[in-house]
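Chemist: Residue numbers (full-length UniProt numbering): 1 to 238.
Be a bit skeptical, because a hint or two may be false.
Unchecked claim - Listed below are the simulated SDA-like cross-link pairs for lysine to any residue, each with C-alpha atoms no more than 25 Å apart in a straight line:
#1 K45 with T31
#2 K45 with P80
#3 K161 with F173
#4 K69 with Y23
#5 K19 with Q146
#6 K65 with N148
#7 K45 with K65
#8 K191 with Q206
#9 K222 with C177
#10 K228 with L151
#11 K69 with Q124
#12 K161 with T132
Just so you know, the hints here were simulated from the structure itself, not pulled from any lab data.
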Amino acid sequence: MEHDSAVEMFNNALKENIKFSTYTGDDDSTTEARIRQKVSYGVEKLSDVVHTQVKYFSYGIAQNKGNSKKIQSVIKNVVPHAFGKHIVTRPGVITRRTPENTSTNLFLMISKDLYGDKLEAALQQIFNEYSTDIVAEKLAPLTNSQQNESLNGVIGSKNPKIRFYGGSETTNFLAACGVAQTNLRYGYINKTLQALNIEPGRFCEQFNERMTQKLNHDKSRKSTVDFKRRRSHMQSQA
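Using the sequences provided together with the hints, build the complete structure.
Modeler: So, in structure tokens, the structure goes:
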């Protein structure tokens, strides 16, 4: 479903004389392959930094936006850092030394370094796949698909997966409602009724105004540094 929608969107853009040069997504190889097969022009995929980041090197990636070489260095040193090998100072890595001159790892749940040669070799092999020049260059712009995920959530509230609306035109109207709400907030209801020569009414307008204010307030609150710090703290405690 997702890859079919992506192909349709890129191809429909040609009708308006528009070509998209890049898109941001997770490591879904199916979508990337379909785009290469069915889209007549070249589109470069950038990695979604939200899907790719883990706690170890999220700071390093954020601090080195646009610098693929430093991001590559951060990824390469994730595993050595987890195993207590802090010989070289690395960007984006936080280490604390105890009085006994042993390292306490701040990012592991057990607060101790990992151990075991086989485990280290296996993890290093996995991270080596993400430390190549190609992957680092795709991560460097720090793009993400959070806006798409947000839109999917709004459309999902109108067109829930537990109900089957795909067999009729209803699903198109429900998806359109989700897009309109994302772009116009709840004011889209008033505009839709007015376009149909229907008076929204005072209570309808007041309710839509309250809901729009609530959405805007939540958006502003969630964008503050204090909220993000608290969310990060709560996630670390989970």
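Chemist: All hints are to be evaluated individually against the structure, with a verdict given for each.
Modeler: Quick rundown of the hints versus the structure:
1. K45 with T31: Satisfied, since the Cα-Cα distance of roughly 10 Å is no more than 25 Å.
2. K45 with P80: It is violated: about 29 Å lies between the C-alpha atoms, which goes past 25 Å.
3. K161 with F173: Given that 25 Å is the threshold and the Cα spacing comes to 15 Å, the pair holds.
4. K69 with Y23: holds, 22 Å
5. K19 with Q146: Since the Cα atoms of K19 and Q146 sit roughly 22 Å apart, the hinted pair holds (cutoff 25 Å).
6. K65 with N148: The hint holds at about 21 Å.
7. K45 with K65: holds, 17 Å
8. K191 with Q206: holds, 14 Å
9. K222 with C177: At roughly 24 Å apart (the allowed maximum being 25 Å), C177 and K222 satisfy the hint.
10. K228 with L151: Satisfied, since the Cα-Cα distance of roughly 21 Å is no more than 25 Å.
11. K69 with Q124: The hint holds at about 18 Å.
12. K161 with T132: violated, 38 Å
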